[in-house]
Amino acid sequence: MSPHTFGSVADAEKAVELDPEDCESLGTLAFAGLYQSRWAEAEAQFRSSVEMCPANSHTLALAAAGFATLGKAAEGAGFGDRALRLDPRMTPANLSGVKEPYYLARRYEDTVAVILR
96 MSPHTFGSVA DAEKAVELDP EDCESLGTLA FAGLYQSRWA EAEAQFRSSV EMCPANSHTL
156 ALAAAGFATL GKAAEGAGFG DRALRLDPRM TPANLSGVKE PYYLARRYED TVAVILR
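Numbered according to my numbering, the sequence shown spans residues 96 to 212.
These aren't lab readings, by the way, just hints derived from the structure by calculation.
No more than 25 Å apart at the CA atoms, straight line, and that leaves these computed lysine to aspartate or glutamate pairs for DMTMM-like:
#, residue 1, residue 2
1, 167, 138
2, 109, 119
3, 109, 136
4, 167, 136
5, 167, 205
Using the sequences plus the hints, can you model the full thing?
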């Protein structure tokens with residue numbers, strides 16, 4: 096890993112330390128944990144971030160991508176569905192997080208629809 100990656104993890108940890116109720120910071124920390132193979136910790140953090148802010152489309156998109164990486168694509172696609180219902184005009188970055196679980200869950204029509212947005 097590059098030093099930048101470790102800085103990003105440290106930054107995410109600091110953000111969560113400063114505000115443990117910030118679901119986006121917790122979701123970012125969970126995503127960073129994937130790059131350190133902290134699978135169980137990342138999954139728990141994704142779940143906590145979504146529980147904290149169930150109507151935050153960015154948090155849901157992070158969880159969608161994270162669960163796809165964890166090998167739980169169907170559950171990730173469910174987070175993606177929720178994110179798209181909340182924010183049908185989602186940013187390209189968030190759409191990218193949603194397309195991965197759709198593809199890995201073999202939801203190809205949904206994958207293409209997200210890519211074409």
